[in-house]
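Student: Residue-level listing of the chains:
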Amino acid sequence: MPKIIIDGQEVACRENIPVLQAALEAGQDIPHYCYHPGLSIVASCRLCLMEMKMPDPRTKELVWVPKLFPSCQTPVKDGMEVRFNTERVRDNVKHVMEYYLLNHPLDCPVCDKAGECYLQDYTESGGPATSRMVEEKYKNPKKDIGPHTLLYQDRCVLCSRCVRFTDEIAGTGELKVINRGSRGEIDVFPGAPLANALQGNVVDLCPVGALLDKGFLFKQRVWLLKHAKSVSPVDSRGQTIWIDHNAEGIHRIRPRFNERVNEWWISDEARFGWKFIYRADRLSQPRTRNGTALAPVAWEALPDLLRSRIEQAAAGDGGARVAAVLSPMLSCEEAWLLAQFIRDLAPQATLVLGHVPVTGQDRCFPKGFKIMAEKCPNRRGIETVLAHFGGPQSTFAEFLGRAVEGQVAAAYVTAGYPEAWVDDRAVTALRKVPFLAVHDLFPSGLDASATVQIPAASWAEREGTFMNCDGLLQAFDRAIPPLEGVKPDGQFLFELAGGEGLFRSHKVRASVAAAVPALGDVFEPRPLPEHAH
Amino acid sequence: MAFEPVLMRHYRVPNSTSLQVYQQAGGYTGAAKALQMTADELVELVKKANLRGRGGAGFPAGVKWTFLPKDRKVTYLCINADESEPPTFCNRITIETDPHMLLEGILIAGYATRTTVAYIYMRGEFTEQFHILQKALDEAYAAGYFGQNILGSGYNLECYIHRGAGAYVCGEETGLIESLEGKRGWPRIKPPFPAVEGAFRQPTVVNNVETLACLPHILTRGVDWWLSIGTENSKGPKMYCVSGPVNRPGCYEAPLGVSVRELIYGQDFGQGMRGGRKVKAVFPGGLSMGVIRGDIFPRHPEAGQVELARDYDELDCRLDFDDVRRYDLLGLGTAALVVVNEDTDMRDVLRNVARFYSHESCGQCTQCREGTAWMQRIAERIRAGAGRVLDLDLIEEITRNMGMMPGMSICGLPDGAAWPLRTLVQKFRREFEAHIAAQAPDAAAKYIQRINPAAYDLPILQGRAVAPTGGTFYHPEKYAGAAH
Numbered sequence: 001m002p003k004i005i006i007d008g009q010e011v012a013c014r015e016n017i018p019v020l021q022a023a024l025e026a027g028q029d030i031p032h033y034c035y036h037p038g039l040s041i042v043a044s045c046r047l048c049l050m051e052m053k054m055p056d057p058r059t060k061e062l063v064w065v066p067k068l069f070p071s072c073q074t075p076v077k078d079g080m081e082v083r084f085n086t087e088r089v090r091d092n093v094k095h096v097m098e099y100y101l102l103n104h105p106l107d108c109p110v111c112d113k114a115g116e117c118y119l120q121d122y123t124e125s126g127g128p129a130t131s132r133m134v135e136e137k138y139k140n141p142k143k144d145i146g147p148h149t150l151l152y153q154d155r156c157v158l159c160s161r162c163v164r165f166t167d168e169i170a171g172t173g174e175l176k177v178i179n180r181g182s183r184g185e186i187d188v189f190p191g192a193p194l195a196n197a198l199q200g201n202v203v204d205l206c207p208v209g210a211l212l213d214k215g216f217l218f219k220q221r222v223w224l225l226k227h228a229k230s231v232s233p234v235d236s237r238g239q240t241i242w243i244d245h246n247a248e249g250i251h252r253i254r255p256r257f258n259e260r261v262n263e264w265w266i267s268d269e270a271r272f273g274w275k276f277i278y279r280a281d282r283l284s285q286p287r288t289r290n291g292t293a294l295a296p297v298a299w300e301a302l303p304d305l306l307r308s309r310i311e312q313a314a315a316g317d318g319g320a321r322v323a324a325v326l327s328p329m330l331s332c333e334e335a336w337l338l339a340q341f342i343r344d345l346a347p348q349a350t351l352v353l354g355h356v357p358v359t360g361q362d363r364c365f366p367k368g369f370k371i372m373a374e375k376c377p378n379r380r381g382i383e384t385v386l387a388h389f390g391g392p393q394s395t396f397a398e399f400l401g402r403a404v405e406g407q408v409a410a411a412y413v414t415a416g417y418p419e420a421w422v423d424d425r426a427v428t429a430l431r432k433v434p435f436l437a438v439h440d441l442f443p444s445g446l447d448a449s450a451t452v453q454i455p456a457a458s459w460a461e462r463e464g465t466f467m468n469c470d471g472l473l474q475a476f477d478r479a480i481p482p483l484e485g486v487k488p489d490g491q492f493l494f495e496l497a498g499g500e501g502l503f504r505s506h507k508v509r510a511s512v513a514a515a516v517p518a519l520g521d522v523f524e525p526r527p528l529p530e531h532a533h
Numbered sequence: 001m002a003f004e005p006v007l008m009r010h011y012r013v014p015n016s017t018s019l020q021v022y023q024q025a026g027g028y029t030g031a032a033k034a035l036q037m038t039a040d041e042l043v044e045l046v047k048k049a050n051l052r053g054r055g056g057a058g059f060p061a062g063v064k065w066t067f068l069p070k071d072r073k074v075t076y077l078c079i080n081a082d083e084s085e086p087p088t089f090c091n092r093i094t095i096e097t098d099p100h101m102l103l104e105g106i107l108i109a110g111y112a113t114r115t116t117v118a119y120i121y122m123r124g125e126f127t128e129q130f131h132i133l134q135k136a137l138d139e140a141y142a143a144g145y146f147g148q149n150i151l152g153s154g155y156n157l158e159c160y161i162h163r164g165a166g167a168y169v170c171g172e173e174t175g176l177i178e179s180l181e182g183k184r185g186w187p188r189i190k191p192p193f194p195a196v197e198g199a200f201r202q203p204t205v206v207n208n209v210e211t212l213a214c215l216p217h218i219l220t221r222g223v224d225w226w227l228s229i230g231t232e233n234s235k236g237p238k239m240y241c242v243s244g245p246v247n248r249p250g251c252y253e254a255p256l257g258v259s260v261r262e263l264i265y266g267q268d269f270g271q272g273m274r275g276g277r278k279v280k281a282v283f284p285g286g287l288s289m290g291v292i293r294g295d296i297f298p299r300h301p302e303a304g305q306v307e308l309a310r311d312y313d314e315l316d317c318r319l320d321f322d323d324v325r326r327y328d329l330l331g332l333g334t335a336a337l338v339v340v341n342e343d344t345d346m347r348d349v350l351r352n353v354a355r356f357y358s359h360e361s362c363g364q365c366t367q368c369r370e371g372t373a374w375m376q377r378i379a380e381r382i383r384a385g386a387g388r389v390l391d392l393d394l395i396e397e398i399t400r401n402m403g404m405m406p407g408m409s410i411c412g413l414p415d416g417a418a419w420p421l422r423t424l425v426q427k428f429r430r431e432f433e434a435h436i437a438a439q440a441p442d443a444a445a446k447y448i449q450r451i452n453p454a455a456y457d458l459p460i461l462q463g464r465a466v467a468p469t470g471g472t473f474y475h476p477e478k479y480a481g482a483a484h
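Note that the protein sequences, when read in sequence, are chains A and B. If you count the first sequence from 1, position 104 lands on 104 in our numbering, and the numbers rise without skipping. If you count the second sequence from 1, position 248 lands on 248 in our numbering, and the numbers rise without skipping.
Simulated from the structure, these hints should not be mistaken for lab results. Quick caveat: nothing in here was measured; it's all calculated off a predicted structure. Treat the hints with care, since some could be wrong.
[Unchecked claim] Derived pair list, reagent style DSS-like, types lysine-lysine, alpha-carbon separation capped at 27 Å:
(1) Lys77(A) to Lys70(B)
(2) Lys183(B) to Lys143(A)
(3) Lys190(B) to Lys60(A)
(4) Lys60(A) to Lys47(B)
(5) Lys370(A) to Lys176(A)
(6) Lys183(B) to Lys176(A)
(7) Lys190(B) to Lys77(A)
(8) Lys446(B) to Lys137(A)
(9) Lys70(B) to Lys60(A)
(10) Lys176(A) to Lys190(B)
(11) Lys190(B) to Lys53(A)
(12) Lys190(B) to Lys94(A)
With the hints as extra help, turn the sequences into a complete structure.
Tutor: Here you go:
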């Protein structure tokens, strides 16, 4: 591990990283725009210049040289000595900031990026107080460059992060710099908008307010948002995300750095795929069949009802005709509780891995980012739970086959998919089940045959862990309260399984881990320092 | 011994572009000689001759070749025929009148560097020159000077002409390489230097046309002949372009070290100023190297009237790699003189220079992108009769900030932009101040408020700023302690 001296302090850093990264990881806020650890280095913003010791050509002794070096372009070398906290470096920042502000409006009051804008930060900390340019600023156009993205060109600092992202990470190259010099602009080719499957990342990448998300535009000031650590449920890769929310609900989703899964990026599915939470037709109260119609029932009445009906179905054969469908949308803890509940009542009950939605094929991007075809977050987790419980098990298709033959007397079906998932085959098959409890987010074709309908909570309203397609167990926190009238799945299943009080996933996880260590081995991505990207 | 031109010996010789004429003058004997040597011997020879690159920086060509990694498998040679520096046209003359001299130089340099493929990167606007060079290249291929097993030596070299789309920065070696690879002509960050990782990520040498054109003569006439020409550290002949209101503008060959005065007034060269006007200023190295003051200024000023340190005729500046620095020039550059006569308003010169660099800045580095454009706006305003004395300070400060010293940005363009503007403002400050003094008292304020109504509350000063205007980056005395 190389050790370098930054401003007189020895810093141990990772091999082969730039000095800038080492300084950022050591907690220094070094101004930079063009540098991003996930992209190639262009060293064009000239903000991160530093002083460095070099060998004197005559004496070979290490001395401070008058020239400044870009710290993003200089790799760390054991024993090197650099300094940022000097008058010359501060002067450089001040003057480069003056250049940036010649044409950049300081329109923070109306800019979406205010509060997380590097230009605002650097201007405040080291920029000039007034502009000495008396001429009029360029008024560059605002551009609609894609279905989700706007470009406010007048705010652009031409750091080319977005251009490099589309070239290197997405591999689609929609964005380019056009024109030369101070007339340079970011733009798309005519008829080829920014519409790749990762394009939302350019908004996060933009260090200023030039690239904006149409969906978030003018919705919230970022300092009013709270951030919840979460894991995206849109595919089996388990991309780690921040859910930015407040009392009004979720406002946006951003990537959360994860060196093992998605690095700094997320797919557009993960970024924009959360709006199903606010669909108007969400189920919001439990109901039971009263004659032909479903009638509301109190949450308190449900456990007894479910217990008695399942016990009834399990009487005599230990529950061979009872089944529980564990949806891959459930967290590991929830799946565990449900399996425990069913097996307690019916030791011979069949545990079924729920419907696994698959769309298309896995997509792999140039630098390794993947979007999986499997559109559920926790198949591996459910399989792990099933493996622990043993006993009779089946796939969802086999379960439907048994149901259509009338071999299922009682079934507890969990779902929670954002998309419609019930097909005619499932409807026909499950119509034959005398006691059918459906735990789902939305109404479906099963409404007509469900004996009990239990409203589910979305992943943002719950907490727990998902195991991704590579077997990595990742925890997600609750971001927002559940829809009014809905009890989080974990809480309900906790109560069903005989728990008392409040469901806390980490407590359940601790007891689960005693039996299955793999389900307690949560991976926590390395947190990045505030300014390290 | 009288100087005998070699680089321009075929200028005005009929049919000089043909292989036949070139061979009659002893063409390709240098290459034949080179091919009998080893590559290392050839490099040593060029190092011994101290052939300094004619492209602008004056870096020794032989030394540049030694930077190539020893264990390389592929080497590319890029020939810089972009020639976009404003008053420079000597490469064009070489290509137009003696293309085989260049091709022979390519063959020699290619052999010395063990190059397999040479690319002539040619400025897009050179249409006729492209056809001339392509014809010559076809002839050379047919005669066995390119291709496989050249002259039975077992050495193979392919050569292609690549035409650029026309951008100043594509003449910068890494910008050239990017453009050659089919990308936008943006300079690359260094390291890695092209010698290690250049065109197509392989070791690459970039040499200028004139540098390579010197090689056949070093081989045929010998190092001693070469070393007998020029000044102490600047050896050999050089092509000088003279443009502006002189009686005989054009391209002339002379030994390195010829003076500016000689090039303007010499009978073999410019033959004096048109209409007997006086020289006001000269850009002796292309625009980017800076300006010197002409003979309009008293050579022996009365004490107390003018600033002794600066107000003197600088036409004695000798055009070699060293003497130019005494006159606050960045370097010899392309040795292309732009002469400005006494009738010219220096505000026009300032504006034209600023406009050129603002237009040609690639836009990667912030200081260059914004600084050149800012200076252009200031220069436009001064030209429009709305200058402030403050602006002169401001231009000086911007030129310092753009590159506190050469090499602070990805390429040398900001240095090349800053240097002429700074020297213009410093050396002709008195004239700018006189123009400003002759303006209406509120001309600047009115102009600024017209072009930028939002500027009403800014301090629009006509005169020199009484207080510092925001701090200056460049304080030689402030940073003196840090230098080694």
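Student: Output the numbers, in ascending order, of every earlier hint that fails for this structure.
Tutor: Of the numbered hints, all hold.
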